[in-house]
Amino acid sequence: MEPRDTELERAIEAILMASTEPVEPSTMAQLLEVPRTRVEAACEALSADYASARRGFVLARVAGGFRYQTHPELAEFVERFVLEGQHARLSGPALESLAIVAYKQPVSRAQLAAIRGVNVESVVATLLERGYIEEVGRDPGPGNAVLYGTTRAFLEHLGLNSLADLPPLAEFVPGLEMVEMLENTLLGTLDPLEEAAAEPPSEG
Amino acid sequence: MEPRDTELERAIEAILMASTEPVEPSTMAQLLEVPRTRVEAACEALSADYASARRGFVLARVAGGFRYQTHPELAEFVERFVLEGQHARLSGPALESLAIVAYKQPVSRAQLAAIRGVNVESVVATLLERGYIEEVGRDPGPGNAVLYGTTRAFLEHLGLNSLADLPPLAEFVPGLEMVEMLENTLLGTLDPLEEAAAEPPSEG
Amino acid sequence: MSVTVTTSVFEGPFDLLLHLITREEVDIYAVTLSDIVDAYITELERMESLDLEVATEFLLIAATLIELKARRLLPGSAELELDDELLFEERDLLLARLLECKTFKDAAAALAALRRDAARSVARRAGPEEPFASMAPDPLERTGLERFLAAARRAFTPRESVQLSLHHVAPIRASVRDAIDGVLAAIPETGAVTFRQLTAGITDRIEIVVRFLAVLELYKRGMVELDQADALGSLSISRSDGDSDALDLTGLDEWDADVDLVDGEEDLEIDLDGADARDGDEISLEALADADTTVRET
Chain A
1 MEPRDTELER AIEAILMAST EPVEPSTMAQ LLEVPRTRVE AACEALSADY
51 ASARRGFVLA RVAGGFRYQT HPELAEFVER FVLEGQHARL SGPALESLAI
101 VAYKQPVSRA QLAAIRGVNV ESVVATLLER GYIEEVGRDP GPGNAVLYGT
151 TRAFLEHLGL NSLADLPPLA EFVPGLEMVE MLENTLLGTL DPLEEAAAEP
201 PSEG
Chain B
1 MEPRDTELER AIEAILMAST EPVEPSTMAQ LLEVPRTRVE AACEALSADY
51 ASARRGFVLA RVAGGFRYQT HPELAEFVER FVLEGQHARL SGPALESLAI
101 VAYKQPVSRA QLAAIRGVNV ESVVATLLER GYIEEVGRDP GPGNAVLYGT
151 TRAFLEHLGL NSLADLPPLA EFVPGLEMVE MLENTLLGTL DPLEEAAAEP
201 PSEG
Chain C
1 MSVTVTTSVF EGPFDLLLHL ITREEVDIYA VTLSDIVDAY ITELERMESL
51 DLEVATEFLL IAATLIELKA RRLLPGSAEL ELDDELLFEE RDLLLARLLE
101 CKTFKDAAAA LAALRRDAAR SVARRAGPEE PFASMAPDPL ERTGLERFLA
151 AARRAFTPRE SVQLSLHHVA PIRASVRDAI DGVLAAIPET GAVTFRQLTA
201 GITDRIEIVV RFLAVLELYK RGMVELDQAD ALGSLSISRS DGDSDALDLT
251 GLDEWDADVD LVDGEEDLEI DLDGADARDG DEISLEALAD ADTTVRET
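As they're listed, the protein sequences go chains A, B and C.
Just so we're aligned: 62 in my numbering is position 62 of the first sequence, and the numbers increase by one with no gaps anywhere.
Just so we're aligned: 40 in my numbering is position 40 of the second sequence, and the numbers increase by one with no gaps anywhere.
Just so we're aligned: 148 in my numbering is position 148 of the third sequence, and the numbers increase by one with no gaps anywhere.
Worth flagging that the hints you see were computed from the coordinates, not collected in a lab.
Don't take every hint at face value.
What the hints assert, rightly or not - Taking CB as the label site, the calculated pair distances span:
| id | chain 1 | residue 1 | chain 2 | residue 2 | range |
| --- | --- | --- | --- | --- | --- |
| 1 | C | K220 | A | G143 | 26 to 32 angstroms |
| 2 | B | S122 | C | A113 | 22 to 28 angstroms |
| 3 | B | E40 | A | V34 | 35 to 41 angstroms |
All of these numbers come straight from a predicted model, not from anything done at the bench.
All C-beta atoms, glycine included, are put in the ideal place defined by N, C-alpha and C.
Excised from the complex, chain A in its bound form:
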C-alpha cells in the first residue's frame, strides 16, 4: 500500500466542495496532474476517514464521479431543512416505462408501447421533462424512430455509479410459482380441479 498523499487529498476535498455535481476522477487527475488511480485511491481513503470519524456527510461515487452528500442516517434532519430537490414522485406507469428504458436502451417509443401495451406519449414526455431519459440516436431501420436512453440525472437520481450497478434483469424474471399460477389460469390444461370448475357455464 502506498503512503497517503495528504496534499492530494486536501486538493480533492477542496475541489469536491466547490463542485455542484459529481466530479470524475479523470477530471481531477488532469487538474492535479497525477495518475487517475492515485485520485481514486485518495478518494477511497477520504471516504473511509469520514466513515470512521462518523462524519455527517459521505463521499459517494455517483454517475461516474465523486461527490459529497449527506449521510443517510441523518435524513430526518436534512429533510426538515431542505425542501428543494424533492421532485414529485413518478407515477407507476412512468416508473415502469423508465425501468424498460433503463434495461432495454436504446429503445424506441414504439417498442416501449409494445411492451406496456398502451400509448406511452405522455409518459415519455414526463421522463424527458424530468431529464431521466434523452434521445440517444435514431433507429437505422425504416421510419428512423427516435431511440431513448437514460441520462446522468437518472443515475444521480437513483444514486448509482453506472448502469452496470442496476440489479440484473434476470433477478426479476418471475419465480416458478408465479409462472405456474399464470399458466394454470390461462392454459388450465394441467389441473383437474380447473377442468371440473369449467363445466357449468355459470352466469357471472
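For this one, chain A is given, so just place chains B and C on it according to the hints.
Just chains B and C, lined up with the frame of chain A:
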C-alpha cells in the same frame, strides 16, 4: 467545557452540506431543538477538528451563518477546477425551450408548452434565473399571458451581435408543411389526441 | 374528446390482466379463467368511451381471452381444432407478455427502492464561494452556438406519428422448440445449472422468457428437475434421474410457438394531426359482450 455531542455535530454537518446558503445558528437550533449556544459550540468544535485534521475545506462563519468553503491554501486548484473542470451545461429540454423562445419571440408559456408538448414551468424558471430570457410584454388576448423574449446576455453568451445573426429557421427546417404545423400549434390548435394522453394523477 | 380512465386502464392491458389473475393469491386454483374473463370484460365496460389507441390493445386481449374461454368450455370439440394451433400460439404469447410485464413491474419496484434510498442523501450543490463563483464561465457559453442550433433543430422537428400496432404481440423470433434444444445442451450431465447461467449473455427479455417456457416444458415432460430454495431465489435446473437420451420432439408441436408475426403484421398509422383517426373514438363493447353471451349459451 462541555462534553462534545457527536450526534449534534453530525446533524449540523449534514445540514451544512445540504444547504446552498450560509445557515444561521438560530435556524439550526430550532431545527435540532437544542439551545443556540450548543449549536455554536458544536460548530466551533467541528471547525477546530477540520483545521487540526488539515482538511481541504473549512467551516466558515459568513454573514451571520455557517457554511463550508474551500481552504484558502488550495485556491489554486479550486480556481483551475472552476475554470476548466466544471461541466455546468444547460439541460437538453432547457436548451430546446430557449431555442423556441429565441426564434418565436415574443412567446407565452402556453405556446412554449404547446410546441414542446410538456410542462415548461421549471424550464422557464431556470432560463429566467440565468437571465437568458425575460418578460417582454403581455398578450393582448384573454388572460393577458406573459410574453417572453431573449436577453442581451443570451446573445453575448452565444457570441452573437443581434437576433438577426441567428441562422434562419428555414435553413435547417425540413419543408413547408412542418412550418405550417408549427404555426397551427402556435395558434393554439392543440391536438385532441394529445390532450387525451394527459398523465393520470396516479402514484405507484 | 375527454376520456375518463381508471388507473388500471392507463397502466395497460397486461397490467390489468396480471392484476386480475394475481390478486387472489391465497388459493391459485380458486381463480378460473371464466372469472378472469368476466372481470376483464367488466373492467372494459367501465371504460365508457375509449380512446382508440388505448382501446385496441385491451380489445385484442379480451378477444384472446374469450377464445380461450370458449375453447375451455367445449373440451374435445372437433370444430375448434382448426383454430387450436393459432389459439395455442396466442395463449403462449399472452403468457410471455404477462411474464414480461411482471418482470418490468418488479424491476420498477426495485428502481423505486433504489430511489428511496438515494433520496435519504442530499448532494452538495452550493458550489464554490466567492471569488470562485463568479469566475465560472456561463453554461450557455460552454454550450456554444452549434449545440444551441442542434437543440433548435430538435425543438422544431415535428414529433413522430404514433405507431399503433394492431397486433397485441410484438414480432418474436424466439421459438420454444429452439430454446429447448439450447437448454438441454446447456445442462451438464451431472450437477445443476442455474437459470441465470442459462440466460447469461441474453439481453432480449423475450428470449429469456422463452427460455423459461422451455425449462417449464422440459419440467412438465419430466426431463429436468427444478429447485428453487426460496420464492425469489435462484432457480437451478438439473437432468432428471433415468433421463433417457431420446428426446421425443414430435409432441412439441403444440409448443412450437415459432411466433414470427412479421408476415401477418398490420400496423395502423395514426397521424397525430390527422382528423380521420378520430372517427373511431367510441368503441362499442357490444360485439364483445355478444361473443361472451354466445359462449355462455353454448
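Is the distance from the Cβ of S122 (chain B) to the Cβ of A113 (chain C) consistent with 22 to 28 angstroms?
-> holds (26 angstroms)
Mind checking the hinted window 35 to 41 angstroms against the Cβ distance between E40 (chain B) and V34 (chain A)?
-> holds (39 angstroms)
Whether the CB-CB distance between K220 (chain C) and G143 (chain A) falls inside 26 to 32 angstroms | violated (41 angstroms)
Violated hint: 1 only; the structure is consistent with all others.
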